[in-house]
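> Sequence:
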Amino acid sequence: MQPEAAVIRKEEGMAFSVSAPAVPAVQPGPTAAVEAGRMAYLCVVQPLDVAGAVPLLEQARRLSQNCRCLVVDLARAEFVDSAGVRALLEIATELESRGRELRLVLKPGSRVERTFKLLCLMQRFQVFPDLKSAWCSQ
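Basically this note's numbering = 1-based index in the sequence shown + 81.
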């Protein structure tokens with residue numbers, strides 16, 4: 082899927098760049114969000130715990146208003162706790178109820194991936210090993 086004209090947002094001191102056809106490139110920082118046509122990208126670069134769950138929900142809801150697919154990149158997240166899992170499940174349910182999709186990027190062998198496997202969530206979500214495969218998947 083090729084992104085249309087990209088809308089680039091800065092949040093909490095983040096800088097983003099998108100080249101067409103592109104996979105979003107994000108510089109390290111607390112959060113990152115990029116809209117590119119029918120796709121939106123949200124990068125979580127801190128633990129997804131009770132403190133991060135509400136901001137994640139808010140950003141995901143805002144980004145998913147105008148897109149068909151939301152990619153949430155958890156490859157840089159140190160861990161995900163029950164509040165983070167609950168937030169992701171809520172996002173997935175909301176998107177699915179509107180005929181949209183959620184794709185997750187989980188670093189293979191990471192604590193986040195192990196958590197998802199222990200909770201049997203790998204089948205619940207569309208999970209990809211890297212951003213490029215999640216972004217370009219049909």
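For the record, the hints were derived by calculation from the structure and aren't laboratory data.
Some hints could be false.
[Stated by the list, open to error] Here are the simulated DMTMM-like pairs of lysine to aspartate or glutamate, each with C-alpha atoms no more than 20 Å apart in a straight line:
#1 Lys198 - Glu171
#2 Lys213 - Glu171
#3 Lys188 - Glu175
#4 Lys188 - Asp130
#5 Lys188 - Asp211
#6 Lys213 - Glu194
> Are any of the numbered hints broken by this structure? If so, which, sorted upward?
2 and 3
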